[in-house]
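Each chain is listed here by its residues.
2 protein chains.
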Amino acid sequence: MQKEFIIVKDLYKSKEEYIGKTVKVAGWIRTSRSSKNFGFIELNDGSFFKNMQIVFDEKLDNFKDISKLPISSSILVEGELVSTEGAKQPVEIHAKSIVVEGTSDNSYPLQKKRHTLEYLRTIAHLRPRSNTFSAVFRVRSIAAYAIHKFFQDRNFVYAHSPIITGSDCEGAGEMFRLTTMDLNNIPKTEDGKIDYSQDFFGKEANLTVSGQLNAEIMALAFRNVYTFGPTFRAENSYTGRHASEFWMIEPEIVFADLEDNMELAEDMIKYVISYVLENAPEEMEFFNNFIDKGLLERLNKIVNSDFVRITYTKAVELLIESGQEFEYPVEWGCDLQTEHERYITEKIYNSPVFVTDYPKDIKAFYMRMNEDGKTVRAMDLLVPGVGEIVGGSQREEREDVLLERIKEMNLNEEDYWWYLELRKYGTATHSGFGLGFERIIMYMTGMSNIRDVIPFPRTPKNAEF
Amino acid sequence: MQKEFIIVKDLYKSKEEYIGKTVKVAGWIRTSRSSKNFGFIELNDGSFFKNMQIVFDEKLDNFKDISKLPISSSILVEGELVSTEGAKQPVEIHAKSIVVEGTSDNSYPLQKKRHTLEYLRTIAHLRPRSNTFSAVFRVRSIAAYAIHKFFQDRNFVYAHSPIITGSDCEGAGEMFRLTTMDLNNIPKTEDGKIDYSQDFFGKEANLTVSGQLNAEIMALAFRNVYTFGPTFRAENSYTGRHASEFWMIEPEIVFADLEDNMELAEDMIKYVISYVLENAPEEMEFFNNFIDKGLLERLNKIVNSDFVRITYTKAVELLIESGQEFEYPVEWGCDLQTEHERYITEKIYNSPVFVTDYPKDIKAFYMRMNEDGKTVRAMDLLVPGVGEIVGGSQREEREDVLLERIKEMNLNEEDYWWYLELRKYGTATHSGFGLGFERIIMYMTGMSNIRDVIPFPRTPKNAEF
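Residue numbers (our numbering), protein chains in the order written: chain R, 419 to 883; chain F, 419 to 883.
Next comes chain R alone, as it looks inside the complex (with noise of 0.2 Å):
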């Protein structure tokens, strides 16, 4: 039956083909407005962003019941497409018949009226059909799609990283612990620890925080590759930036420095802002005059700019030299906070900026030692609106070097096995990044909260739907 109904992005799209012919449409009610003897319906059919404006009137049987018909009622409209120019819409439908398919319910939650976004997010099984989430979800989708789309164009293999994993030595954070033990009755080994040996992977096992050890596996087999997938952090951060189920991607790629690697993040984030500005036009016009005003000019300006690359060191000079206060004063040797990646993104460049060579105690064990003993290769990209979108480095390709900062850190060398045998066994020069998805649609769509660009959104106390 689906091939019968003609979808509104096509009569929109194509509307030369169709105008004047009789159409079928299946839709929702979005709104509704009736006098005695006609009515108009704004129908969504979920293919498209914009409505299809419905007209109908006496001359259809139903036409009272479909004049009462509550608004998210779904149904089935045959009619003719009819050019309205002038018109806010450029066509709509003369309805000839309308077949009801569902029904609705007066007391239906989402009401015409404006709803707070903590509201919208008590109803996730609904939100989906605002205009709001409409358009976070579908930008989402397509953005998904470009990334995969900038990846295999460029002959990078997707490599699926494992979601549970055996090894608590990612070193990203705080990670959720997975059983299948009866809690009722945990079995002890003799000395009354907790036997993990009867567990059902035979030890502990955990979500992953980051697929990047892995994914070096594979770069050093296909050179370029990335991962797509679902990561978790149990931290119980409450803002708005932070949730604890959440997707990344981390491309890794070999016989590739930080330079390299740069270029790559800089070209990917080119990439996925550009094809969603084109093949998402209303939505990304939705945010722009509903969410954040002076988003597509962000954007745009983005998309045409070459980002700037700074080290560490001059970065921490120039806060210095500003004179401004912050809250964390600055000192070579700290962490940049939000309020400082902010400034230099906003405040000092108002464009992208990579920081690099980061001083080795602040950042992971496995990046590469810079030449000075005391800073690595890392880069972490910051963006004017949020701070940090990518972080990122080349990686200690030196077997020695690595395992002496394994040890260095505390690290249990065991654990790091066929890490380590990646570099006694053709070892090469490699660099990746991370990129939280989430922060990506966020920065493109303006809105504020991880929570309302997650379809499910999983925080502490929340796994609803």
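Rather than coming from a laboratory, the hints here were simulated on the basis of the structure. Even for Gly, the Cβ is constructed at its ideal location relative to N, Cα and C. Hints are not guaranteed to be accurate.
[As the list claims (entries may be wrong)] Okay, the calculated bits of chain R under chain F, using three or more residues with CB under 8 Å as the criterion: (1) 600-614; (2) 634-644; (3) 837-848.
[Claimed, not checked] Using 27 Å as the maximum straight-line C-alpha spacing, the simulated BS3-like pairs for lysine-lysine come out as follows: (4) 433/R x 567/F; (5) 421/F x 688/R; (6) 531/F x 842/R.
[Stated by the list, open to error] Chain F is nowhere near these chain R residues, computed Cβ spacing over 10 Å in every case: (7) 435; (8) 533; (9) 719; (10) 821.
For chain R, the structure is supplied; the task is to place chain F on it using the hints.
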């Protein structure tokens, strides 16, 4: 630095452009042999299934060192691309210089001799460098992209269903429990029960077994959607067909009945196979030669066939009429076993077969009840060599019938409050199915164990790497 190096894929695909020119490549030694004055290296750079032959001789300063390099050492080669008509490979590089990027070691486990697949699983950090696994994982990547492209080209929205779920009502199998509680000191309520209110999400939380119910939410807003993400089963199953973590594709379509659903599944399967045949010809030829002799013939046949459609009742009749002795006897009402499924698709039809309208008692609560009150609008797609590859249904869109089924099956009505509300506010005919991603990779590659089509498989007692 990466751009200095031309990828081997380009040297094959656009060889006319490079023959006679000096090129640089970077990659890993797959094999190496040399005599006193010259030598040959088979170099793989990860960009392409095939190797590039490097010819080098004593004119190199470091001829001796290069001659002795162990397998899997990484090198940077500069030399002339030379046409070698009539040889096994169309081109080779005559090296002017070879720089060692990373040495290897004679302990390298992937020596030329053939290893068992079982052994290779224990070196999952190195097996992507073997012919078999480089082929499998590249096909996996290309197939994943084909799936996204198929749906995105058809205006489907990619819906990210949650991985962590607060409900255990998806009803598709045993689940992994997720917790951040201290297992040595589990908080208890006054009456001695586990106090889940103190756990991270304030209640029991598990890993998802299916994104379908969430996909229905999204479909009833966007008309056509698909999920593509990891799903989990905490089943102690040691077969070659089951993993604890695997990826699923779950499309959901609205204003669409079971006929539409079958058409979509058929189109999708054919599209993915065609796309992989077209975009990974070298890998597919390898599988056909070394893994499964009849593979290409079988896949081409599928692409060009019309899938058969029969009801469960008809299938049972045919199985009984066949006179074939099965381990599990067949009668109306029984669940079809793999032996039955394979008999239908291989012996009776020698073609993919949709079996529809199963007895309600062997299918899930959400499947649409038929007029007969005995069967539901389910569909399974059976394919030769595998059996079931897709399972789906038209969904029960009638609120009252759905509620009755929930009660009949002793499920807890309150767990389904939002699922029921989807039927209250503009319900519509809709359908969907699930495709196990690894199943179709196994089908397309001829690999017979699911552990060999996932880079880092998770199975009972195994979460290495």
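Taking the hints in turn, this is what the structure says about them:
Counting residues of the stretch 600-614 of chain R whose beta-carbon sits less than 8 Å from any beta-carbon of chain F gives 4, enough to reach three: the coverage restraint holds. Closer than 8 Å: that is the beta-carbon criterion, and the stretch 634-644 of chain R has 8 residues meeting it against chain F, so the requirement of 3 holds. With 10 residues carrying a beta carbon less than 8 Å from a beta carbon of chain F, the stretch 837-848 of chain R meets the three-residue requirement, and the given coverage holds. The suggested pairing of residue 433/R with residue 567/F holds, with an alpha-carbon distance near 25 Å, which does not exceed 27 Å.
Taken as a hint, the residue 421/F and residue 688/R pair is honoured in the structure, with Cα atoms around 19 Å apart against an allowance of 27 Å. Proposed proximity of residue 531/F and residue 842/R is supported: the alpha carbons are some 20 Å apart, at most 27 Å. For residue 435/R, the requirement that its beta carbon stay farther than 10 Å from each beta carbon of chain F is met, with the minimum near 17 Å. For residue 533/R, the non-interface assignment is confirmed: its Cβ lies about 15 Å from the closest Cβ of chain F, beyond the 10 Å cut-off.
At roughly 27 Å, the least C-beta separation between residue 719/R and chain F is larger than 10 Å, which holds for a residue marked as non-interface. Distance check on residue 821/R: its Cβ is at least 15 Å (rounded) from any Cβ of chain F, clearing the 10 Å threshold; non-interface status holds.
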